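Asker: The primary structure of each chain is shown beneath.
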Amino acid sequence: MNKVNFSLKWWGTSYGVKLPENKLTAASPIERAPLPEKVIIALHQNIGAPCKALVKRGDKVLTGQKIGDSEKFVSAPVHATISGEVSGTTMLVHPATGQLVEALIVTSDGRDEWVALEARDAIDKLSVEEILKRIREAGIVGLGGAAFPTQVKLSPPKDKKIDTVILNGCECEPYITSDHRVMLEYGREVLSGLNIIRKVLSPDNVYIAIEDNKQDAIEHVRKLLASMELDGNYKMVTLKSKYPMGAEKTLIKNILGREVPIGGLPLDVGVVVHNVSTARAIHDAVLERKPFIERVVTVTGAVKEPKNLLVRLGTPLRDLIENCGGIDGEADEIVLGGPMMGISQFDLDFPVIKGANCILVKKSVPMREGDCISCGRCLDACPMRLMPTMLVKYAKVGRYDACKEAYIADCFECGACAYACPANIPIVQYIKIAKSELIKRAAKK
Amino acid sequence: MTGEKRILISPGPHLWSGLSVSKIMYLVVLALILPSGAGVYFFGYRALLVMVTSVATAVLTEYVSKKLRKRAFVMDWSAVVTGLLLALTLPPTLPLWMVVIGSAFSIGIVKEAFGGLGHNIFNPALGGRAFMAACFPAEMTTWVLPAGFIADAVTCATPLNESFVCPVDKLSLYKALFMGNVGGSIGETSTLLILIGGLLLLVLGIINWRIPLAYIGTVALLTFALGQDAIFHILAGGLMLGAFFMATDYVTSPITNKGRIIFAVGTGLLTVAIRLFGGMPEGVCFSILFMNALTPLIDRYIKVRPYGLKQAGEK
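Chains as they are written, first to last, in numbering that gives the first Met the number 0: chain A, 0 to 444; chain B, 0 to 314.
Please note that the accuracy of each hint is not assured.
[What the hints assert, rightly or not] Simulated pairs of lysine-lysine, DSS-like, Cα-Cα distance not exceeding 25 Å:
| no. | chain 1 | residue 1 | chain 2 | residue 2 |
| --- | --- | --- | --- | --- |
| 1 | B | K22 | A | K252 |
| 2 | B | K65 | A | K434 |
| 3 | A | K403 | A | K17 |
| 4 | B | K257 | A | K392 |
| 5 | A | K431 | B | K302 |
| 6 | A | K252 | B | K302 |
| 7 | B | K22 | A | K362 |
| 8 | A | K403 | B | K309 |
| 9 | A | K403 | B | K22 |
| 10 | A | K17 | A | K65 |
| 11 | A | K403 | B | K302 |
| 12 | B | K65 | A | K395 |
Note that these hints are calculated values from the structure, not bench results. All values derive from a computational prediction rather than experimental measurement.
Kindly generate the complete structure, drawing on both the sequences and the hints.
Answerer: Put into structure tokens, the structure is as follows:
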């Protein structure tokens, strides 16, 4: 039965910040990047356990061949993204954790020979177990940035009833347009992936949430939804463009009015949120039987020609920047991720990892940290309604326990506070220091 | 490609709103131009002289204090705001050497001795004014009638004085108070122009509406409940200037919205109490200073409920 409902709602929130969008590549169709000469595949590209290498130096590998895996539940395997030879290993500094991660280097043979893919399937024939197995084998992680293994997110504990699935097409960070273009150009695959998620979780309602700065995507997805005759109860939700609207907890609050308990997960309030690019990867894995080896990356900012590129994972940033005409003018900083949560890279040979949705090239601006004038802008900006300036004051004098009591663990480092701070205090940086000190202390006990 | 090029790294976020402390202070100065202009218009060049003296002393004192404390001097307009606000609360005829002492006290003692911008407990301008009221009680309460460029000023003494008897009808009194055509401090007389400046800051998002609204609202309700002329109490004295420009000072008012309302209501209660029952005709300055002292306490106990924290009683 076809039960496609539409609702167009203008949800607001009193928290967060309005950002300049700078979506330079919103109208640039996705371009396939040329095959890289080598790829660097980090063995730890999810938030859970690292993988062990399944191949060694000198081995020949095919595109899509699994080259790293782990036996842990919260983990995701990694695959060769080009065919060629494993030419060595290297160490990378993981951008999110700051820890050293082992990586395999694969040198291309230029032929891009794929492993034999299984025959395509239709969703009706598949059991939930089979779907989850295929998602795990494909190495899919949350592509919105958190890189949480997708099959884990799709396997909630038995006692948690999931009543709502939200497809997250907000893409609230400035500059990034990869999800936007995926919705426009792979909308059918995205909705098919969403349908798979729906089949696994059988929720009462499925929401498709898109910010109002992407009207073309909203229209496109709406039309597709009407034409595809999917099972289930679908609702389109248009959200105000405000940062960080696309953060899971903010999104749940704005669409459903529910608050995820402190220290809890969305599934504690019966919700699972998936990003649109993840949905597309799920479709490719489950129905097309393709492992997750490429993704859309927005290369933007101070490059001669900003683009949305379909990129093999592991491609060095250098290749992508060159593909976009190179660094323009005075720019001297390369950010992996968006301008708000992205992390500056010191090495242009750093590869595209699974969670990377954007490469932003910019001119770095020296900032002078001033004194807090207690204006309260960081409080108004914080989507978690924390008191960022208090966290900074505690962190500065080493009162990390006070930080803990002020719920520092709930900060997901969106950077809205630091964006709004007139005194230029690197609030997120202080919070990160306090968090890592707290982790060190907890480890000592 | 970039082998020879230096790559820099910096902590995120990599975007900034661009609204700096000095820009905020600059906007406050802009908003104060109207009330300051009114002061010059009503009281003549002498008012201008007081303002220039006060601002110049404030900036100079800040410079000297920073040098003495071996800190970098940054021209962030905050000393200009303090100097200008102080001048606006002074009688236009005050001897200039007194202005110099008051302004130097505002910056040197009330602000810099406590650690400079962001660390002061009391509003520097009001701290300086309170100091001057204690040092020069006679001069600080000598009010003159507007004598600048107009002739038909309402002929009554300073409106909030005990001996105040106004010969005109109520409506012309309100009109005079609203336009600023009365005796008083340089910048406190024209409610209209203070309102325009205050609304400008509200629209620009520099000040929060809660403090002026709760402060003025409390004064209005309380004076009305006590059988007083509420409109007169709103328009007269330093209430408007205090509510929009002094009580809203970030550093010396609470950081949470709830705390700000408590702060403003407290200030309103004290203002009315001083005006009606105290020994002084005006209570804005001291009530704001008193609530400044309570601000750290308010900030300690009034917190925001974080996302996802269940309130007591909720299941």
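Asker: Taking the hints in turn, state whether each one holds.
Answerer: Status of each hint after checking the structure:
no. : hint            : verdict
1   : B:K22 / A:K252  : 34 Å, violated
2   : B:K65 / A:K434  : 34 Å, violated
3   : A:K403 / A:K17  : 28 Å, violated
4   : B:K257 / A:K392 : 21 Å, holds
5   : A:K431 / B:K302 : 22 Å, holds
6   : A:K252 / B:K302 : 20 Å, holds
7   : B:K22 / A:K362  : 23 Å, holds
8   : A:K403 / B:K309 : 17 Å, holds
9   : A:K403 / B:K22  : 34 Å, violated
10  : A:K17 / A:K65   : 42 Å, violated
11  : A:K403 / B:K302 : 15 Å, holds
12  : B:K65 / A:K395  : 22 Å, holds
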